[in-house]
Structure formats: structure tokens, C-alpha cells
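**Q** Put together the whole structure using the sequences plus the hints.
Number of protein chains: 8
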Amino acid sequence: MDAFDLKILETLVANGRESHENIGRVLNLSRPAVHQRVKKLEDAGIIKKYQAMVDWSQLGQTINVIIYVKINATVFKNIISDILKITVTDTFLEECHRLAGEWCIILRIRSTSTQNLTNYIDELLKINGVVATSTTFILSTILQNGSAIIDSV
Amino acid sequence: MDAFDLKILETLVANGRESHENIGRVLNLSRPAVHQRVKKLEDAGIIKKYQAMVDWSQLGQTINVIIYVKINATVFKNIISDILKITVTDTFLEECHRLAGEWCIILRIRSTSTQNLTNYIDELLKINGVVATSTTFILSTILQNGSAIIDSV
Amino acid sequence: MDAFDLKILETLVANGRESHENIGRVLNLSRPAVHQRVKKLEDAGIIKKYQAMVDWSQLGQTINVIIYVKINATVFKNIISDILKITVTDTFLEECHRLAGEWCIILRIRSTSTQNLTNYIDELLKINGVVATSTTFILSTILQNGSAIIDSV
Amino acid sequence: MDAFDLKILETLVANGRESHENIGRVLNLSRPAVHQRVKKLEDAGIIKKYQAMVDWSQLGQTINVIIYVKINATVFKNIISDILKITVTDTFLEECHRLAGEWCIILRIRSTSTQNLTNYIDELLKINGVVATSTTFILSTILQNGSAIIDSV
Amino acid sequence: MDAFDLKILETLVANGRESHENIGRVLNLSRPAVHQRVKKLEDAGIIKKYQAMVDWSQLGQTINVIIYVKINATVFKNIISDILKITVTDTFLEECHRLAGEWCIILRIRSTSTQNLTNYIDELLKINGVVATSTTFILSTILQNGSAIIDSV
Amino acid sequence: MDAFDLKILETLVANGRESHENIGRVLNLSRPAVHQRVKKLEDAGIIKKYQAMVDWSQLGQTINVIIYVKINATVFKNIISDILKITVTDTFLEECHRLAGEWCIILRIRSTSTQNLTNYIDELLKINGVVATSTTFILSTILQNGSAIIDSV
Amino acid sequence: MDAFDLKILETLVANGRESHENIGRVLNLSRPAVHQRVKKLEDAGIIKKYQAMVDWSQLGQTINVIIYVKINATVFKNIISDILKITVTDTFLEECHRLAGEWCIILRIRSTSTQNLTNYIDELLKINGVVATSTTFILSTILQNGSAIIDSV
Amino acid sequence: MDAFDLKILETLVANGRESHENIGRVLNLSRPAVHQRVKKLEDAGIIKKYQAMVDWSQLGQTINVIIYVKINATVFKNIISDILKITVTDTFLEECHRLAGEWCIILRIRSTSTQNLTNYIDELLKINGVVATSTTFILSTILQNGSAIIDSV
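Chains as they are written, first to last, in our numbering: chain A, 1 to 153; chain B, 1 to 153; chain C, 1 to 153; chain D, 1 to 153; chain E, 1 to 153; chain F, 1 to 153; chain G, 1 to 153; chain H, 1 to 153.
Worth flagging that the hints you see were computed from the coordinates, not collected in a lab.
Where hints are given, some of them may not hold.
Said to hold, decoys possible - What follows is a list of derived Cβ distance ranges for each label pair: (1) G/E10 / E/K126: 39 to 45 Å; (2) C/L84 / F/K77: 36 to 42 Å; (3) G/T141 / E/K126: 33 to 39 Å; (4) A/T141 / C/L84: 37 to 43 Å; (5) F/A44 / D/M1: 34 to 40 Å; (6) F/K77 / G/R31: 47 to 53 Å; (7) E/Q58 / C/L59: 35 to 41 Å; (8) G/A3 / F/A44: 29 to 35 Å; (9) H/R17 / A/A3: 48 to 54 Å; (10) A/V75 / H/D5: 36 to 42 Å.
What the hints assert, rightly or not - Taking lysine to any residue and the SDA-like style, the derived pairs with C-alpha atoms no more than 20 Å apart in a straight line are: (11) F/K39 / E/D55; (12) G/K49 / H/T11; (13) F/K40 / E/G60; (14) C/K85 / C/N72; (15) A/K49 / B/K126; (16) C/K77 / D/K77; (17) D/K48 / C/N15; (18) D/K49 / C/M53; (19) D/K77 / F/K126; (20) H/K7 / H/V38; (21) D/K39 / D/N15; (22) B/K126 / B/L84; (23) G/K48 / H/D55; (24) B/K40 / A/R17; (25) F/K77 / E/T141; (26) H/K70 / G/G101; (27) B/K85 / B/I142; (28) D/K126 / D/T87; (29) G/K126 / B/S140; (30) E/K49 / F/E21; (31) A/K85 / B/I142; (32) B/K126 / B/N78; (33) F/K126 / F/T62; (34) F/K85 / F/K126; (35) F/K85 / F/S57; (36) E/K126 / E/F92; (37) B/K48 / B/E18; (38) E/K7 / F/K126; (39) H/K7 / G/L59; (40) C/K70 / E/V75.
The model shown is predicted, which means the values in this text are computed figures rather than measured ones.
Every residue, glycine too, gets a C-beta built ideally from N, C-alpha and C.
**A** As C-alpha cells, this is what we get:
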């Protein structure tokens, strides 16, 4: 890991399809040198994968919320496993973290309607060990995965 | 948008480098048909971009926190603009959303040390209009951008 | 639905007994045209019903409170059903919504005395699945069902 | 005010268009007797008005939220006056009460999109004396103005 | 009840041993007239009783706290009954109210030491139906039972 | 201070008009001995005063609330002084303590109507240094000044 | 206990290895007089023990947090006993107090990694009677055991 | 740093006066070897200092509280500096940490009386930039600086 590698990582976070040629031009490295470095980062698992970023609002998924979950924490793994299995029409789990607070799980959910969101919350509440949920609107997203989503706020 | 398109989107969220050939095989479409559909999704801006997912913990960034920010909301845009300009050694902003609560900004931050995190919080507090911050540990991440990070919880 | 329909709806929310003649005069429509539009809105269920707005304080119901209810949400429907069955002397449920928070039910209650209100809360607490309640005074009402209650605040 | 009057009030809250004939039949009163009683209740201002109940979700207003407002309470009247003047596309204030808590104003708002809701919140925050807002989803409405909205929960 | 009665009540709240002669002089009433009025107020139960106000801090009871209690409210009466039975060395319950919140009982307790206070809290927690307690210091008392305790704050 | 004195204090808290004769009979002391002890307790200021306990609800004061006040604490004394000067029709301050929390003043208020209570809260909010108030209902009082108010809960 | 003793205590809190000679010079006491006084303080148990203060961050223990624990308080002693038995790699309990709040236990924990901290929290949650935990970062320590840790803040 | 060093550190935290001879016997090291290791740990600053642990309750300091402080965080250093300068009779600051929450300073204070504690809180509130304080009782201390204070809970 040197400064070149870090710069390559930042470039690929911002644009996972940036050509090695362009990266090389900016860093003053040859294309093969960039290629070799990217491959090393991938092989080492430092670059875990590439992901398409989808504009879900174009597909009608205009409801974007954060749900906090309070659980019987002794069954943490089972609860996460059950959360990952929830299927509700047009409703998708996008983020799931364990937090160090009383509300120990934070989810980010996209959906097309309040009715679907309600169904998702009902599914959460059916999970054995889930004690309560609390849901908060996301009004707008400025930055995701370290890369700007909205250029002008 | 049909069921094929939706399946293609889900595949590319899970793996942005999945070959059109493989996608076609699963969906029973020809490679060129997949190619054309992906291009349409990209041209329509439904696929906004591709991003490398980096395993920052391998680079020593073992501190992963959520920071809530309470602001003088009349200056929302300026504050976001100032947040995006913060630079602290080895400390990176990965998510930034506006929420519909009293704590109206949520940030996700990675850093290498408590000292750097403290410096980041100090920079936040220097921003004109930031009233208070509150920081919470992420103990583990199960899913990010709609794609599993940890296979076995 | 056009601008005329929307204007008719707003008029009937403010005054459900406004004559079609008056509405027509304001909108520059004939009385039968207004009649036909109102009928369509009623038939489509867009106008669900008409309700008398009663000044309960004149009938001694000077206590007007909001009660938040925390429940075992897996039994949501049964709990709502039990709440709707509560009968306490001179004490009336006026609003009941499900919220997306830990306190997932919000009630608005009118009563004639603290004693009756206490009895209502006791009935709530007897319902299987109700975990806790929290009650807040309404000091004054400015607007209800989209229509001003108090002209001068 | 006797038991007949109270029964008449309850009937007209449930259905403001109930015919005097029907009411009379149920209460064992003549139609003119009902008519006279209703007129007295209206003249005394006990029946303040009649309002159409509109199914806004049919008109695309699928977002239904509660907003709590924290203010510099010394300017309470001016703030309410400013709130009543807010105009945001397709976004309507349906309820407004003063509460006896730190969050001393509760609003119920309907809107067609998160973007419009955000604009409404921005307008709230521009009002001189508004310190903070907090917004909560209504997942479903069971009862409004003392009359059932949803028959089967 | 007239203005004289009210004035007599206020005087006896401030000083329950004020002579009827003095009260009469201030109100321009004869001593027997005052006597008769006080007797009526006592007989009607408007004056419920007289209480000595003791300066407990002189007796070493320097710890004065408020304890909030969260309970399984269905057993409200039994819990109050159990609270009234608690006996802990040099520790006294001075106030006990039922509140309309989640913390639905408020107690005021005087004690001589943190150890005794801890014992009292332990006794509270042993009561069947008590879920949690929360304790807050009283730093100073300005007014009690409508009568000033501390002349100069 | 011995066990006799303590017993005398408890008796006079429960009933400030208990005759010395009765007290003596219970404690096996002569009437003059009781008289002398009570006088000593009064002279030492251990018995500060006697107060009439009034049943305000009989006088129409059916609203009994706790108000928490958040202040700019540097002006604590002035704020208390201003609170003690508030006069609102038929509305009385019965308790006032300083607490060791963010809500650092707790008041107990009796009033005849929500309107008067609102006026009292408005007066509180006009005081320079008062930041916010929060009001909670008292549903019932079990014990006051160390003496039972309600015999059977 | 006199002023000399108090001064000796303060000196030994700041530096438990301060020589009796130096202490004597400052207090204008002979070395044997200091010796005798220290011995008395130790014998009386006023000086309970001496402790080495270790700079754990030098040993890689860079994570320093406060954990609040909510419990079924009736089993307080057993829970504390179970907490003291927890063993997690490179993770140490440094402080443990019982508090008078709903979160009735406060712990201070040092660890080398988020993973170890997570394991510690998991062990806490396995204890019978522990209901919930909440964890907060310590960003810096200014003073510990009454003695400055950081000279320049 | 090896296992011997770690064991030596733990021993000296539990008892800073443990003889090198005893430590050596337990670890199967010679006395000079222990001496040399301790010296290295002291020279490296891993052992920062030794501190006497005083039983303040024997000296009448029976009030032991935690105070949370909310500040204008831009002046963090000045506020800490002012806190360290507070002097109140018989009242001592024992711990002071900066936390990553809205209440960003936590203090532990010992005092002899509520009056002195009140004075300390008043001094805190006079500091420029301190917004609010909140105080919580410590009912008992089980462990301090990684060493048991109370043997039997």
C-alpha cells in the first residue's frame, strides 16, 4: 500500500469503470502498472467487489427510510438471519449494521408505498426477539459509499 | 422496465462486473440483448454509476461510526457544503443523508484512530450552524448498498 | 380530477353544507355542473362522508389530550379492536393513527374530568399487549381536518 | 342537552348527511322534533359546522405525517400565523394543536412526495422562532374526528 | 365560598395557627365570624386537616430526592399499597402522585444516607410489577404546599 | 431528640391539631411533658410551622399538573423570583423545587381550567431565562407532606 | 484528621510514591511525623491501597468506552458478580458503579479492537437479567482518580 | 512486552506496593529480574504513576455523583480548563472524560453535602460555554481503576 494505491482506490470508489489508461495518466503511471496494482488490490480482497449504483426513485421507490430495531440481543445472529429473509413487494433492504446502542440494528429500506413499508415493519415485528422498531424518513441523500450522489445540495 | 431489467439491476448491484454472458444464461437472454438492456439502463441514468467496494479495515480503518448532527437548519446547504470540505488524516466520510428529525444529518465515518475521529468531530463543531453531534459505534456491517458484506453472521 | 374538482373539495372541507349555487358562482360553473361533479366525487369515494364538527367544550368536555401507546406490535389489529371497544363515561376517542415509531399508536381523547381520563387510561392498560401509555395536554386547537377552528390565535 | 341531543350529535359526527327522518326513527322522535333539536344545536354553536371527509390518497397524497415543532414560545401567535401561511405544492396542513410539552406544536400534513414534504419542512424552519422540527410517519388511520375511517383493521 | 373564605384559606395554608383574632383584624370581621367560617370550611372538608411542617435536615435527613417509578400499570393499586408499606431506616416517603406518563408514579423521599436510599430503591424494585426506577436530587426547595419554605432564594 | 420526639413529630405531621393529651396517652407521657417537648421542637425550628391542607378540587381546581422548566441557569435566583410573582386567575403554585437535571425546576400547579393553565405557561415563557417548559398531569395524589391523602387507593 | 492529613492525602493521590521527606519539607513536618501520619491513615483504612496507573494505549488498548447496562434490578448482586467474571481477549473492565437511574450500571472498558468490544457486549447480553446495553466513546481523559492525566488539554 | 510484563502490570494495578519479591515468587522470576522489568515499564511511561486510593466516605464525603455537561464545543479546551479551576468547599473532581455524545463531558464528583454540590453545579453553570448539566447519584462503587473496591457485592 502506497499513495498510488490509495489514489487508485479513491478513483475506483468514485467510478468503478474508470479506465486504467485514465488512472495512469493522472498518476503518471503506465497502463500495465495500474492494471497490476488494481489486480493486487482485488486479489488481496482490499477491493471486495464492484457494485452498480441504481437510481431507485426512477423506478417508483420514492420512500427511503431508516429503521432502528430493538432486540433481545442474545439471539442477534438469528434475528439478522430472519431480517435478511424478509420479502415484501417492491421493498428492499439496502443497509444493515449492528450498532453499540439500545437500538442495536439500523436498516435502510427503499419502498414504493407507505402500505409496503407498513408490511415490512409488520414482518420485522413478527421476528422472534424483535422488541420494537422506530422509523425515520431520509429527506435526501448527499453521499453514499464515499461518493457524491447529489452534486449541488 | 420489465422483470428482466429488474433482475439485471439486482445482479449488477450484487456484482457490478458480472459478465453479460452469465446474466444472459441465467435470464435466458442472448448476450447482445443483455448488453442492450444494460446500456439503456445506463443511458436512462437508472444505473447511475459503478463503485468499487473497499475493505477499509484491511487498511487500518477499524473505527466505523455513525455521527448524528443537530444544526441551525435554515443554513442546511451551507452546512452540508462545509461538511463535504472537512479533511482529517485517515478519516473518511462514507455516507451523508438528511433526516426528518431533530438530528437532521446522519454521517457514516471511517477512521484509523480515536484521535483522528476526535479531530473530525472538532471540525464538525467548528462549522457555523452545527449545534451538537452524537457518535455511535458500528459493531459490524451485514449489508451495504443492497448487497451482503458478511456472508455468515 | 381538475382544478375545479380540487376547489370543490376544499370548499366542502371548509363547509360541507355550502350550496352548489354558491360554489358555482365562485367557480363560474352552473349549479347542475357543480352538482354532477360533487356526485362523481362522492361516487368515486373521494368524498368519503360528511361529518358534523361539535364544540365539545360547550358540553363540559374541557379535557382534550393526546395519548401515545406502546404495544406488543405483533397483535396490532387486536389491540386496535380492543381500543375501539373501550367505553368510559363522558370520554370519547376522536383520533386514532398508527405511527412508525416505538410509540406506535396515537390517540386523541376528550373527557369531562381527570377522573374519567384516568379510567380511560386504566382501560387502555388492561388491554392485552399494551405495554405503556403517555398522555399530553392539548392547550388549544388551531386547525382540524384541514379547516380552521380558531380564527384568531 | 339531554340524551336525545347527545345521540343526535353522535349520529351527525358519524354521518353529517343522515336524514332527520332516519334519526327520528331510531330515537322514536318525529322528524320535526329532530329538525328542531338539530337547529338548536347549530344555533347554539354546539354543531360548529359540517365538513367533507376526503380520501386524499386517491388524489396521490400518499404521504401522511405528523410534524412536531419546537419554538421560542414567547412568539407563539406569530409562529402559528406564519405556519398557516405556508404554501407548498400539493402539500396540506390538516391538523394543528398547541401541546403542553417542549415540542409545543403538533401538525398533521399530507403531501404527494418526499420532495414536497422536504420543502414544507424547509418553510417551517425559515419561520422566525422555530427552533427544530421532528417528523413521524402515519402508517394508517383508524379513526378521525370521532368516526371510523377504516372499518376492518 | 366568598372572597373572605378564600382569604381565610390562604392565611391558614401559610400559617395554620394564625389566631382568628388576627385573621378578623385583617379581613375586618369579628372573631366569632371568622371562627364560624373556619368551622364551616372544616366541616365541609375543604380544610382537610392541619399538618406540622418539619425541618428534616435538622434531623440529619439531608438527602431529598424524587424517584420516578415505571410499573406494570394493571396492578396500580397493589403497587401503591406495597410502596406505602416499605420501611427503611431513617428514610421517609413524603409525596406520592400518579402521573399520566410512562413513568407513572412520582415519589419524594427523604433519607439520612445514600446507603439508606439504596435500600429504599432495592425495596421498590422488589415490588411485583415495578419495572424500573429513576432518581433525581432536589438541590433546594423554594415552596411547599403553597407556602414559601425559603424566604430569600 | 429521642424516640419520643420523633413520634411526636410524626403525629403532628399526620394531624397538626392532635391534642397534647392524646399524644401523651399514646406515648405514656404527661400532658405537660408533651407540651414542653413540642415547644422545644417549635423553638428549635424543627417544627417550622403548621399548614392547613385544603381540598382544592372542592373549589373547582380540578387541574393538578407538574411543570418542568428548563432555564439559563446562571440567572437561577432571578428566575425563581419571577416565577413566585406570576399571578394568573384561579391558578396556584403549590410546590417549587430545584432539581439536579437539565430540567432544573419542578413546579406543581393547581388550576380551574386548561385556559388558565395555558395562561400560566405563557407567563412562565415570558420570564427572561426560561428556555422551555413541559407539563404532566397528576392523575391522583396518594400522599402529601408525609401524610396520606387518599385512604383507599 | 487535620489540615496536614488532608494535604498528605492529596499528595499521595497525585503521587503515591512521594517521599515522606519531600512531603515533610512542604508541610514543615519532620520525616518521622509524616511517616506516623501516613501509617495512621493506612491503618484506619482511609488510604485503602496504592495502585499503578498504566498507560494502556501504549499496549494497543486504544478503545476506551463507557457501557450503560439496564437490568432486572431484583438480581443486582448476581448480575454484578457475573459481570466481574467476564473474560474477553485483551478487554478489561476498569470502572463499575451502580447508578440511581434506569440505566443502573455504568462500566468503563478498555479494549484493543471493535471485535473484542463486540464480544464483551455479547457476554454482557448473555447474563441473566441484563436487558440492554448502550455504549459511548471516551474521546479523551483529562483526570482520573482525582489526578490529572493530560497536562495540556 | 511479554506475558510476565502484563502480569506485573495487573499486580501493580491491584496493589501498587506489592513487593518485587512476592511478584517474583508468583511469576517464578528473581527479585532483580522483577525490579528491572518494573523499572523498564516505569521508564517507558507504561506505568505512568502510583496513586493512593482514599476512602473519602470516612472523611464525610458521602455524596458521590456523576455530572454530565453539555457545552458549546468549539471552546472545549477553555471549558475543561475552567472546570479544573473550580474550587468549592469539601467538593472534589475525581474523573473527567470527553465523550462522543451531545453530553460531551462526564465528571465524577465527591462532596460532603447537597449544599456544596449545588455550589459546584452553580460554578459549572457560570463557565462561559456550559449550556446545561445533569447529575446522577452513584449508589455504590464495585470497581475502580481496574481494581475491586467492594469485595462482596
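**Q** Tell me, which hint numbers fail for this structure?
**A** Hints 2, 5, 7, 15, 16, 27, 33, 35 and 38 not satisfied by this model.
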